[in-house]
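A.B. asks: Each chain is listed here by its residues.
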Amino acid sequence: SQQGEEDPQALSIQEGENATMNCSYKTSINNLQWYRQNSGRGLVHLILIRSNEREKHSGRLRVTLDTSKKSSSLLITASRAADTASYFCATAPYGNNRLAFGKGNQVVVIP
Amino acid sequence: DSGVTQTPKHLITATGQRVTLRCSPRSGDLSVYWYQQSLDQGLQFLIQYYNGEERAKGNILERFSAQQFPDLHSELNLSSLELGDSALYFCASSVGVGDGELFFGEGSRLTVL
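Residue numbers (my numbering), protein chains in the order written: chain S, 148 to 258; chain A, -15 to 97.
Isolated chain A, as found in the complex (with noise of 0.2 Å):
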């Protein structure tokens, strides 16, 4: 157990819809991470906030949003859903901004249809 919780697990939903994904990092770190994780691109880092700041960004769409709230959890918000954001939506986590490994959720599915 990473000690990062992601919620759902499981998500089905139809094109043109919005959904929020939830993560609670490991109790301490402040920096959360989201990579989205599809067959043909494989992992792709979307974003970063450290301590409730955008940190970093990847590749994220316009029609993905994110925050960091005070007390450190974070959504990822996907809009306007297309049949190729179908993927596992992982949350990460870790102490700092510099360098050090990564604590990952268990993703959440995504399946657009």
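Looking at chain S on its own, in the form it has when it is part of the complex (with noise of 0.2 Å):
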């Protein structure tokens, strides 16, 4: 099965700074959606992106997806503290909604 894998797998920076964090994936897709997870809690949903979009933003967050390159990126931009958490991108095929998630990006925002 499909499955994403995010690049790279761990981020450090200083709050106010940018983080991104790029996927890719290996087959044909319906849509591509982010997922932040605080250690050790559920995943919670940051954004969807189908696959006949290019870019999508939602507050501090900006998605781009090439579907010619399979790849995706996700951009947090002035980054918080409370961005803190591993971040996973999961791509749904199409008719169904079986995500398949990537192993994650660590990403740790320093105040």
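Misleading hints may appear alongside valid ones.
[To be verified] Here are the computed distance ranges between Cβ atoms for each label pair:
1) A:Glu46 / S:Glu162: 46 to 52 Å
2) A:His(-6) / S:Ala228: 24 to 30 Å
3) S:Arg197 / A:Gly0: 45 to 51 Å
4) A:Gly0 / S:Lys203: 35 to 41 Å
[Stated by the list, open to error] Taking lysine-lysine pairs in the DSS-like style, the calculated list, with each CA pair at most 30 Å apart, reads:
5) S:Lys203 / S:Lys250
6) A:Lys(-7) / S:Lys173
7) S:Lys217 / S:Lys250
8) S:Lys216 / A:Lys(-7)
9) S:Lys216 / S:Lys203
10) A:Lys(-7) / A:Lys41
11) A:Lys(-7) / S:Lys250
12) S:Lys250 / S:Lys216
13) A:Lys(-7) / S:Lys217
14) A:Lys41 / S:Lys250
15) S:Lys203 / S:Lys217
16) S:Lys173 / S:Lys203
17) S:Lys250 / S:Lys173
18) S:Lys216 / S:Lys173
19) S:Lys217 / S:Lys173
Keep in mind that the hints were calculated from the coordinates and are not lab data. Positions of the beta carbon are idealized from the N, C-alpha and C atoms, including for glycine.
Join these two chains into a complex; the hints should help.
C.D. replies: Printed below as a string of structure tokens:
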């Protein structure tokens, strides 16, 4: 089954800086989603981008999708300490919601 | 608060035992998904139910089974437990079976000793 693979795996930045994470996948998708997970907690949906979209914004989040390269990026602008978490991309094939998750990016924002 | 409730939050048991994890989906959601999260395997899709019927199966072991009841809550049964079954088990729900976001519970942390 397809699976998102995030890059880089771990990121440590200062508060106020931007954080960028990348994700690649292997097969055709219907949509790609990003989730955040605080340590040991449940995943929280951040943003969904459909296969016919190239860019999407939500607050301080910007997601891009390049279906020709089978890749996506998540940008968090003006990071805050509360953004410290693991970020996962997940791909959804057509016709169902069986999300396949990548291994996650750990982001640490230093106050 | 996602609206998805999972119990128990923590569970410690011995090898060979059987446990049941419970999930109540968000009000109005008909689909329930089970995921296993471990350090080595990451987040693995186990199984999905929609309105009481099994919809999709992922990497679920034969020792594991699940069901969704008429009131839409779901249970994941894990039997003949092994040390490697220690993991976080998440339940998620969504409105339908198509695309869209999943709402995750806080998970049940299973430790097998």
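A.B. asks: Hints first: check each against the structure and report whether it holds.
C.D. replies: Verification of the supplied hints:
Hint check: Glu46 (chain A) to Glu162 (chain S), Cβ distance near 48 Å, so the stated range 46 to 52 Å holds. Between His(-6) (chain A) and Ala228 (chain S) the beta carbon distance is about 27 Å. The supplied range of 24 to 30 Å therefore holds. At about 46 Å, the beta-carbon gap between Arg197 (chain S) and Gly0 (chain A) stays in the expected band of 45 to 51 Å. For Gly0 (chain A) and Lys203 (chain S), the hinted distance range of 35 to 41 Å is not satisfied, since their beta carbons lie about 48 Å from each other.
For a cut-off of 30 Å, the pair hint linking Lys203 (chain S) to Lys250 (chain S) stands: about 22 Å separates their Cα positions. Under the criterion of a C-alpha separation no larger than 30 Å, the hint pairing Lys(-7) (chain A) with Lys173 (chain S) is inconsistent with the structure, at around 34 Å. About 17 Å separates the Cα atoms of Lys217 (chain S) and Lys250 (chain S), which keeps this hinted pair within 30 Å; it holds. With a CA separation close to 40 Å, the supplied pair Lys216 (chain S) and Lys(-7) (chain A) exceeds the 30 Å bound.
Proximity of Lys216 (chain S) to Lys203 (chain S) is assessed by CA-CA distance (about 17 Å); at most 30 Å being required, the pair is judged to hold. For a cut-off of 30 Å, the pair hint linking Lys(-7) (chain A) to Lys41 (chain A) stands: about 24 Å separates their Cα positions. For the suggested pair Lys(-7) (chain A) and Lys250 (chain S), the alpha carbons sit about 23 Å apart, so the restraint of at most 30 Å is met. Of the supplied pair hints, the one linking Lys250 (chain S) and Lys216 (chain S) holds, its CA atoms being roughly 19 Å apart against a limit of 30 Å.
Proximity of Lys(-7) (chain A) to Lys217 (chain S) is assessed by CA-CA distance (about 37 Å); at most 30 Å being required, the pair is judged violated. Under the criterion of a C-alpha separation no larger than 30 Å, the hint pairing Lys41 (chain A) with Lys250 (chain S) is consistent with the structure, at around 20 Å. For the given pair, Lys203 (chain S) sits about 16 Å from Lys217 (chain S) by alpha-carbon distance, which is consistent with the 30 Å threshold. The hinted pair formed by Lys173 (chain S) and Lys203 (chain S) meets the criterion: a straight-line CA distance of about 21 Å does not exceed 30 Å.
Distance hint between Lys250 (chain S) and Lys173 (chain S) is fulfilled; the C-alpha atoms sit about 14 Å from each other, no more than 30 Å. For the suggested pair Lys216 (chain S) and Lys173 (chain S), the alpha carbons sit about 9 Å apart, so the restraint of at most 30 Å is met. With a C-alpha separation of about 7 Å, the suggested pair Lys217 (chain S) and Lys173 (chain S) falls inside the 30 Å cut-off, and the hint holds.
Of the numbered hints stated above, those contradicted by the structure are hints 4, 6, 8, 13, listed in ascending order.
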